[in-house]
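A.B. asks: Sequence:
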Amino acid sequence: MDLYKELILEHSKAPHGAGLRAPFGVEVHHVNTTCGDEVTLRVRLGGDAGAPVVDDVSYDAVGCAISTASTSMLHDLVSGQPLDQAQRAFEAMRAMLTSRGDDHGDEDVVGDGVALSGVAKYPARVKCALLGWMALQDALTQAVGAPDKIDDDKHQDHTEEISR
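For the sequence shown, the working numbering gives the first residue as 1, with consecutive numbering after it.
Think of the hints as simulated: they come from the structure by calculation, not from any bench. Watch out, some of these pointers could steer you wrong.
Stated by the list, open to error - The calculated lysine to any residue pairs, modelled on SDA-like cross-linking and capped at a C-alpha distance of 20 Å, are:
1) Lys13 x Glu38
2) Lys5 x Gly101
3) Lys13 x Leu83
4) Lys5 x Ala65
5) Lys13 x Cys64
6) Lys5 x Arg100
7) Lys5 x Asp138
8) Lys121 x Lys13
9) Lys5 x Asp103
10) Lys121 x Ala95
11) Lys5 x Asp76
12) Lys5 x Pro123
13) Lys121 x Ala65
14) Lys121 x Asp76
15) Lys121 x Gly145
16) Lys5 x Gly111
17) Lys121 x Cys35
18) Lys121 x Arg94
19) Lys121 x Thr141
20) Lys121 x Gln142
Taking the hints into account, I'd like the entire structure generated from these sequences.
C.D. replies: Now the structure itself:
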């Protein structure tokens, strides 16, 4: 039962920020080829070039409870936050989830994401928990390269395998 803590179940049953919203700057699509989980994630940046802010993260996730909960937690953690804080959260989540249980996470940095720390002990599930985060990192990388590109009709679709 440790793997499916109550918080994970709550986020998976009622995911926060779910649903694709417009306008957005970048859209990516990632697939976990190990299990078939998928996420389409949109990011809209605001602020200015010197201090970009992640105005919104929206997504459509199809997958297991861990994948859905992790993406829901991601939404809560990075939406409305400065870009550098979102990137710090991504790095902290990746470090925690790939630590094989050695890193229990810092709640001040990863928020509810600490509930996923037990997933690190199950290598097959790490990719599920990282799916949304890898999509976020991809979207932010693209968005920073094209911060003025906000168009509802044009978006990029990327299907990628998560590598570890």
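A.B. asks: Quickly compare the C-alpha distance for lysine 5 and aspartate 76 to 20 Å and report which way the hint goes.
C.D. replies: Holds, at roughly 18 Å.
A.B. asks: Sort out whether glycine 145 lies within 20 Å of lysine 121, counting only the CA atoms.
C.D. replies: Violated: lysine 121 and glycine 145 sit about 35 Å apart, past 20 Å.
A.B. asks: Has the given pair, lysine 13 with leucine 83, been kept, meaning a C-alpha gap of at most 20 Å?
C.D. replies: Given that 20 Å is the threshold and the Cα spacing comes to 28 Å, the pair is violated.
A.B. asks: Does glycine 101 sit within 20 Å of lysine 5, going by the straight-line distance between their CA atoms?
C.D. replies: It holds: about 15 Å lies between the C-alpha atoms, which stays within 20 Å.
A.B. asks: Holds or violated: lysine 121 and alanine 95, Cα atoms, limit 20 Å.
C.D. replies: holds (13 Å)
A.B. asks: Holds or violated: are the alpha carbons of lysine 5 and aspartate 103 at most 20 Å from each other?
C.D. replies: Satisfied, since the Cα-Cα distance of roughly 17 Å is no more than 20 Å.
A.B. asks: Starting from lysine 5, check that the Cα of glycine 111 is at most 20 Å away, please.
C.D. replies: Distance of about 15 Å is within 20 Å: holds.
A.B. asks: Given the hinted pair lysine 121 and alanine 65, is their Cα-Cα distance within 20 Å?
C.D. replies: Satisfied, since the Cα-Cα distance of roughly 16 Å is no more than 20 Å.
A.B. asks: For the pair supplied as a hint, lysine 13 and cysteine 64, is the alpha-carbon distance within the 20 Å limit?
C.D. replies: Distance ~11 Å between lysine 13 and cysteine 64 Cα, so the pair holds.
A.B. asks: Would the pair lysine 121 and arginine 94 pass a check requiring their Cα atoms to be no farther apart than 20 Å?
C.D. replies: holds (13 Å)
A.B. asks: Check the hint pairing lysine 121 with lysine 13 against an upper bound of 20 Å on the C-alpha distance.
C.D. replies: violated (23 Å)
A.B. asks: Just to be careful, I want the Cα atoms of lysine 5 and proline 123 compared with a cutoff of 20 Å; is the pair within it?
C.D. replies: holds (17 Å)
The structure fails hints 3, 7, 8, 14, 15, 19, 20 (numbered hints given earlier, in ascending order).
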